[in-house]
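Here's the letter readout for the chains.
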Amino acid sequence: MTTPVRALYVHVPFCRTLCGYCDFYSTRFRSDRVAPLVDALLAELRRWSDARPLRFDTLFVGGGTPTTLPADELERLLAALAAFRDPAADVEFTVEANPATLTPARAAALARCGVNRVSLGAQSFEPRELRVLDRRHRPEQVAETVALCRAAGLTRLSLDLIFGVPGQTCESWARSLAAALALDPEHLSCYGLTYEEGTPLTARRDAGRLRPLDDDTEAEQYEYAMDALAAAGRPQYELSNYARPGRECRHNLRYWHNEPYLGLGPSAAGFIDEVRYKNVADTAAYVAAIRAGGSARVEEETLPPERRARETAMLELRLVAGIDRRRFAERYGADPADLFATAIARHTAAGLLEVDERGVRLTRTGRLLANRVMADFV
Amino acid sequence: MDRSKIRNFSIIAHIDHGKSTLADRLLQRSGAVSERELKAQILDDMDLERERGITIKASAVTVDMECDGETYMFNLIDTPGHVDFHYEVDRALAACDGALLVVDATQGVQAQTVANAYAAVGNNLEIIPVINKIDLPSAAPEDAALEIEHVLGISADHVQFVSAKSGVGIDDLVRAIVKHLPPPKGDPAAPLQALIFDSEYNDYRGVICYVRVMNGTLRKGQKVLLMGRQRTYLVTELGKFRPQMTPCEALAAGETGYLVASIKSLQDVTVGDTVTDALHPAAAALPGYQPPQHMVFCDFYPATGESFDALRDALQRLSLNDASFSFAPQHSEALGPGYRCGFLGLLHMDIVQERLERECGVSVVQTAPSVTYEVVLRDGTLRHVESAGDLPDMGHIEELREPLIEMQVITPADSIGNIMQLAEQRRGEYRKTEYLSPQRVLLTYEFPFNEILYDFYDKLKSITRGYGTMDYRVIGYRASDLVKLDILINGKPVDALSLICHRSKAEHRGRRFLIKLRKEIDRHQFEIRLQAAIGSKIIAAESIKPFRKDVTAKCYGGDVTRKRKLLEKQKEGKKRMKTVGSVDIPQKAFMTVLEPED
Ligand SMILES: Nc1nc2c(ncn2[C@@H]2O[C@H](COP(=O)(O)OP(=O)(O)OP(=O)(O)O)[C@@H](O)[C@H]2O)c(=O)[nH]1
Ligand code: SF4
Ligand SMILES: [Mg+2]
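Chains as they are written, first to last, in the numbering used here: chain A, 1 to 378; chain B, 1 to 598.
Same shape as in the complex, but just chain B:
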């Protein structure tokens, strides 16, 4: 195909502003899906995506689009909006020449709009602002357009007004894409350089690489070299997502598609690697990507009645599909053998845990997530620690450092006071304020990461009447007065419950935690003493009285089935417990640390 007729672009936006719905409309207009096949957010094809109504994984699709009598090839990538999956956006942008920046006309520019727009600018992409949801009565399309110009410095000249729901404005949008987004550069005759911008595991085909050919031509049957890994493969299948996988013979410079080459495991490909011809390799690889950073860590232990082997197999199986989490064996004194896992964020952690249970049928006990701390030992060595349990003896520690983030919050101006208060509670440091309009501001703060990890977003939502949005990135480490807070059950410290926190918060934290823990742990036959301690100093204590009676009074002929089922449920509930000493601790208790502070 004539390269001037190709357009490669991503659809980016704040969460829920309508990217996937816009993709639906483009697919529909191209005729790639029939009316019958059409369902909302057709590219969100994972069960979890459909259930949660969000995009988790970027999807690429190729369509033939008619515009003013000519046929164009659109390669579009629908991206996720959630902050955990920023790296997916970054990867997608590197494979594109342009981007549609979608903004919800009822919401205006939001925190992830800013973050994603900057990412597109950073990749030198041409951007078309798309103001969406203009069908809604509360839409303020002109205001949104002004904000884009004002806040992001993106010219509103080519702004498009659409309703992805009703289809209004889609024809004009297509025309704008043809007119304002550049066709791909690159030379089909040059040595092959194709960027692997994503990969996916398929039970039948093995690894499927999503590729964007930058230079040269990729052919079926070609012997290729992955330049980073220095491994060669034979291309057994090439094709395009239309949106079903549709094989083709070749992908030329400027085109996007997939490659299958009997690659067994996701671990064998690095996303960002360059594919070149094994016999006539390109002189240099493409720039590639930074590997995604694991922001939070937690441990998974097999729940009572599950085996360690089953957990290991399940993690291995999941990692075939999701190369963005890490796992390494870990041993807890209280919980036995398990895995330390690293995630892109809390949502990602939730998703992995849910998939373990749903797709692999393994229930796990999960510890509270932690960020990575830096420990400088007295002898000068630097260590990274992802959980309080791994901290070396305090006597050996010279300095503890915590990760810092820069956060941008967009909020109605009348909530500034509330936000300042919240920031103070969370040890935040104010950086600057920019007015998006007289009513809305963009605030920049620095926070210790651990202060915003759990409930910050919910808090922000509640103090801004739901209008506030946030985005953040890690900017470095800072020495801080951190302590290890130990939790003791019947006098015995439980490593999986200990946590690292700022000294000024330890006492309050410990007290609140014990109160919550007391509610989570059922009464036992004996009294249970709960204590919080820093070193050898007990800073809080609670106790759980023993229970006396748990017996079903009546069980006659008509009750047998129901009573049996109740007991079976009680037994199931026990499965989600871990026995520490002789105390049964429910899975939830390990996560209790997370719950809101106040």
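Isolated chain A, as found in the complex:
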């Protein structure tokens, strides 16, 4: 008897406008593409549910911007997903939204389908920085959207913010953090701006039309976030995530513990039966493949157990709690302190890592230099 799948990710590949730094698969919203996409998502879901039991207790609809979908289509999708929730569980059901895309009608649709958590792409409260990031909303619209969510009963809120933005100062970053905290979200994600290959932002930098923020300022901003948010009762729990204790994103924790999840939609990845797969990053191709009764997968990867264990270590190191030694040993039959002895010795000596009975974790300095440490774990 196959064990039920507990986690679901659905990718909605539409945005109103595309942001220069973004490397998620997304296309400009087109109304004629909505119904075929939702049909295909539901067909893919049905195919899975025919094959094995689905009993989700974490669901995450992301993108893209799911809230670009018209309210009725959004509801058609969410209601179908909601049908596979575990009735006995305390379910976390998150939808990503952007300020100004969430109308009262859409918010009501979310609430009706059991969505209980909204992740809002606020990014910054400074108009100049929003422009650098190609975000079209005005800072005030974040507060408006937050109010609208709360009015609809969507009380669990997370805000995304970006630091390391060209031209951003430590002061303007502090202002954005304060403005975010003033809205009292239970959860915040603070990302250092990344120059991903192939994005317009990176092209602008390479052409010399944009000067990246210097390393020192960015490091200072990162540390400031750790301190300010901890002081505000939302301590860091992952390299880029902060929450009131107990309000961490349970769905995302599953990624960092390298646990199975189902992924639906174009470009979505999933991890089922030790196979990591990825669907085609093209909406038309995805819809066509599903319609034809075929598979939309373009990549599949099965790792030998030791490499999988290493991958888990790399992911769990992202967590402030680090690698749980007992759990890791149960899963992979080896104590991480033995498996990674050389790397641990090296990085503890350098003050980047700490080990105790319970776990192996990055120190605060280690969090700034996480890649250096993780490279010795993969």
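Where hints are given, some of them may not hold.
Cross-link-like lysine-lysine pairs, in silico, BS3-like; alpha carbons within 27 Å at most [claimed, not checked]:
1. Lys519(B) to Lys574(B)
2. Lys569(B) to Lys278(A)
3. Lys519(B) to Lys545(B)
4. Lys459(B) to Lys432(B)
5. Lys220(B) to Lys264(B)
6. Lys492(B) to Lys574(B)
7. Lys571(B) to Lys278(A)
8. Lys432(B) to Lys516(B)
9. Lys565(B) to Lys278(A)
10. Lys57(B) to Lys165(B)
11. Lys432(B) to Lys278(A)
It should be emphasised that the hints constitute simulated quantities derived from the structure, not laboratory data.
Given the structure of chain A, go ahead and fit chain B with the ligands onto it with the hints provided.
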């Protein structure tokens, strides 16, 4: 076979003038390879040769050639053009009675044309000039022929005009070979004398010796003596390259072929040695060869994560195939145990390093190449030193001497000014100018070898708009005001980075080097101080600021594989580093010394 029907010759030329392509045409005309088997430069059968489009190793081949109703046996040797492999040409020429001197009709006589032509003349060989690539629109065949006559003093009477690409002129060339190249001398009944002119290692047969029988007859099953080594072997196989190895019963005086005699290692045969009959030995050995000279040295150290043993095994394995590089254990304070290796030149060094990685899967950290210096100590003893790290204490040194080369440059006359300037920067001394034609000159200079080792050729190319070519040979040593330039990382000298240079250049060199080193070394968690020093005097300093942040912001379900691969790449990159003190220095940094000066 009737000896008057045999022709032994080499194909020699400047690099890329079309030797291997001409060999293709001769093979094709003889019918030795079918149309189906035909591929360009068929004799360049090593992967590296095919990839780089150059010949590295000479190849001998025997074909039956029809000419005016008669059948002849051609033993031809395709030789490499690159200056590093001159010795291969010399070896090949000693096994021949004639040579085809190929000259590209669009380029005319070039530096290696001159060097190789003189080598052929020195071996008393009959030479047929072959003007190639006449199919090209920019070809100037008559000018090339005139240059050969004028510059090399080789009569243009028998010059042949061909296109090795299209095959035009090949029939006439074959006729000229038959008519003008002499058949071999020698007596098949005399005591056996066969010259080993090359050798190669084969996994199944062991060592394969390439031989040219000068006198007597070599037979399968014969007990032979290698006269230099004084070792006897039983000939288990004899044959010819056609171009596949094709066994035969005997090789008589005048013939060329191969010999297999269960010889285990290349180290057991000396190329240039004479094979004779063990029971009825010849009175004297053939003249033989000078062993190839190692011109440049560098150290190989196992890269992080590789073991010393793996490096040793790999070098031993490679040396089975290439007896022309040397290796000896070496210990560096900074890099630990490794090997000091000697090469024929920089290209040869590159090739060995690449083969280590590709064929043996061993990655190495390589130090910058150095020439050999002579050190005269205060007590009068003379020592050879191949790296700055091995220099004795300066207080014990009476005199330092550097190797000198004589260089010949062929260039358009309007570049003379540029070349003079370059020569001055490189401490060159002008010797003479000869006009090949009103537009082209042959310049002779003397240079300290270390001044031209790295980037001289690229510089020459750029200041002559690509037309300049050069050739050189070491002519001796000269006392010179040389100093040891030390590089310190966080106050600690790193032996593998130190170098020997002329005092007048030390400061500039040190400063430039640190700037480049600063770019090669990644920021660390702590500040890194870089210094250049002569003795206790610091002449330049740089620093690398510590980094603060290296963290991947986002890693969710869809990113896991990609992010993991990025980290794996970062880890791989680390493998190519060496940790000195607690500073990770990438492999490239050790070679940075080489990069252009300006
Ligand atoms: N157009 C034209 N190209 C030719 C001719 N002969 C050779 N080539 C080209 O010239 C280049 C060099 O030819 P090779 O035969 O490899 O020259 P090589 O002298 O053996 O070179 P090394 O062994 O590296 O010294 C190749 O690209 C050939 O295709 C010719 O007659 N006409
Ligand atoms: S809204 Fe989000 S998903 Fe869409 S382009 Fe911008 S960052 Fe990417
Ligand atoms: Mg060739």
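message: Tell me the hint numbers this structure goes against, listed in increasing order.
response: Of the numbered hints, 8 and 11 do not hold.
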